[in-house]
Amino acid sequence: MIGAKLTPQDIAIIELWGRMPSHKRAEAFQFLRKMRGVESDT
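Numbered per UniProt numbering, the sequence shown spans residues 1 to 42.
Treat the hints with care, as some may be off.
Below are the DSBU-like pairs computed for lysine-lysine, each with C-alpha atoms no more than 35 Å apart in a straight line [what the hints assert, rightly or not]:
| id | residue 1 | residue 2 |
| --- | --- | --- |
| 1 | K34 | K24 |
| 2 | K5 | K24 |
| 3 | K5 | K34 |
I should point out that these hints are in silico values taken from the structure, not numbers from a laboratory.
Only a predicted model underlies this, so the values are computations on that prediction, with no experimental measurement involved.
All chains should be modelled from the sequences, with the hints used to inform the complete structure.
Here it is, written out as structure tokens:
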């Protein structure tokens with residue numbers, strides 16, 4: 001599943017991820033899942 005379809009936006013997010021403190025990563029992950037859930041419910 002990882003790397004299946006990376007958009008430039010995804011890559012930018014992943015690069016940001018690397019610079020994030022770990023407590024922020026959890027928040028970002030929740031946000032990302034929420035966004036994905038809105039886009040596709042599969």
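- Query: Which of the numbered hints above does this structure break?
  - Reply: Going through the list in order, the structure violates no hint and respects every one.
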